[in-house]
Amino acid sequence: MSGISLRPWRADDADAVAEACNDPLIQRYLPMLPSPYTRDDALAFFERGDRSRAVVDAATGQVLGSIGYTPRKEGTAEAGYWVAPGARRRRVATTALELLSAELFGDGTHRLYLTTALTNGASQRVAVAAGFTREGVERGAARTRDGGWQDVVVWSRIAGDLAGPSRRLLPDFPGGELTDGMIVLRPLTAEDGDDTYDMRILPDVSARSVVGTPADPELVRRQCAESVSKWIAGQRAECTIRRADDNAYLGEIALYYAEPAIQEAIIGYSLSPVARGQGYASRAAALLTDWGFSVGVARMIAGTARDNIASQRVLERAGYTREGIQPGKLPGPDGTRIDNVAFAKLRPAAT
Numbered sequence: 001m002s003g004i005s006l007r008p009w010r011a012d013d014a015d016a017v018a019e020a021c022n023d024p025l026i027q028r029y030l031p032m033l034p035s036p037y038t039r040d041d042a043l044a045f046f047e048r049g050d051r052s053r054a055v056v057d058a059a060t061g062q063v064l065g066s067i068g069y070t071p072r073k074e075g076t077a078e079a080g081y082w083v084a085p086g087a088r089r090r091r092v093a094t095t096a097l098e099l100l101s102a103e104l105f106g107d108g109t110h111r112l113y114l115t116t117a118l119t120n121g122a123s124q125r126v127a128v129a130a131g132f133t134r135e136g137v138e139r140g141a142a143r144t145r146d147g148g149w150q151d152v153v154v155w156s157r158i159a160g161d162l163a164g165p166s167r168r169l170l171p172d173f174p175g176g177e178l179t180d181g182m183i184v185l186r187p188l189t190a191e192d193g194d195d196t197y198d199m200r201i202l203p204d205v206s207a208r209s210v211v212g213t214p215a216d217p218e219l220v221r222r223q224c225a226e227s228v229s230k231w232i233a234g235q236r237a238e239c240t241i242r243r244a245d246d247n248a249y250l251g252e253i254a255l256y257y258a259e260p261a262i263q264e265a266i267i268g269y270s271l272s273p274v275a276r277g278q279g280y281a282s283r284a285a286a287l288l289t290d291w292g293f294s295v296g297v298a299r300m301i302a303g304t305a306r307d308n309i310a311s312q313r314v315l316e317r318a319g320y321t322r323e324g325i326q327p328g329k330l331p332g333p334d335g336t337r338i339d340n341v342a343f344a345k346l347r348p349a350a351t
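In this text, residue positions in the sequence shown follow full-length UniProt numbering: the first is 1, and each later residue adds one.
Be aware that a few hints might be false.
[To be verified] Between beta-carbon pairs, the in silico distance windows are:
| no. | residue 1 | residue 2 | range |
| --- | --- | --- | --- |
| 1 | R139 | D180 | 37 to 43 Å |
| 2 | I266 | P165 | 24 to 30 Å |
| 3 | R28 | L162 | 29 to 35 Å |
| 4 | R145 | P171 | 28 to 34 Å |
Simulated from the structure, these hints should not be mistaken for lab results.
This one's a predicted model, so the numbers in the text were calculated from it and none came from an experiment.
Note that beta-carbon positions come from the ideal geometry of N, C-alpha and C, so glycine has one too.
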């Protein structure tokens with residue numbers, strides 16, 4: 001959305017700000033806000049200075065959101081923003097962040113940064129779209145509304161950086177999902193936590209897992225909620241596998257971009273017992289592999305234990321070729337090591 005502008009706050013904006021700031025999503029990600037948020041809170045916010053701007057529709061003057069900054073050490077400022085519920089998915093925050101960045105860089109700021117919650121995929125996509133680079137995770141750096149602490153992702157833009165969005169190694173799925181008509185792959189979310197936990201703790205699933213499954217279901221739910229951050233970072237794309245006709249949960253599959261320098265990624269998957277033996281895993285592996293090739297991966301690899309014949313058949317049906325045995329590659333029980341049967345698939349040559 002290009003038809004927006006930034007202007008100082010006015011007293012007659014107070015009702016719109018109060019309404020927006022009582023939105024559950026804004027309350028969740030801005031825990032320092034009063035709850036409930038009143039018109040008087042908005043007026044007090046306006047009086048704090050000129051470092052916050054109203055983000056408004058340039059034609060109508062309607063308040064769409066807020067953006068501001070806080071000076072930090074020399075040449076550095078921290079940005080923050082929110083968007084009213086009715087103005088989301090219209091590029092409002094991205095455009096506002098671009099406008100604020102241009103203003104501050106023009107006034108001599110050297111580095112502008114912002115932080116986002118690990119679970120806030122929408123805000124992370126704003127940072128990417130506005131040309132900010134992911135620097136890493138700052139542990140325990142921000143309060144939660146219940147008084148705890150949470151990790152945040154740090155993003156920055158430097159004066160002189162090229163215009164346009166920053167590069168993503170693993171973009172979002174086109175349309176938000178992949179499907180072949182029989183199954184659907186959708187990004188893992190917090191809502192998938194219970195299904196994911198119930199499957200991962202099955203003995204025949206946890207025994208095959210390289211990383212293991214935490215015994216705490218709340219921790220698994222948090223891992224699912226934070227999965228979006230790893231996807232946007234280009235580290236891994238984690239998905240649920242669901243049946244297309246009734247949305248039944250079948251399992252999970254992930255692409256781990258372990259070697260972006262050589263364009264090599266790994267896939268791994270697990271199915272719930274009721275979904276096995278019906279070809280779902282091979283379909284999911286083929287779908288995710290083809291998507292990986294479409295976004296720049298040149299070589300996909302996978303592996304199984306010697307005795308996991310079912311998984312080997314999955315990979316063969318998905319077009320993978322067995323390459324050989326890697327002795328002791330996988331962790332086993334009680335500190336032992338397990339041989340890995342290595343498989344690979346190359347991106348088809350362009351025709």
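Here is what the structure says about each hint:
1. Range check, R139 to D180: Cβ separation about 40 Å, and the 37 to 43 Å hint holds.
2. For I266 and P165, the Cβ-Cβ distance of about 27 Å falls inside the hinted range of 24 to 30 Å, so the restraint holds.
3. Range check, R28 to L162: about 33 Å between beta-carbon atoms, so the 29 to 35 Å window is met.
4. About 32 Å separates the C-beta atoms of R145 and P171, a value consistent with the hinted range of 28 to 34 Å.
Of the numbered hints stated above, none is contradicted by the structure.
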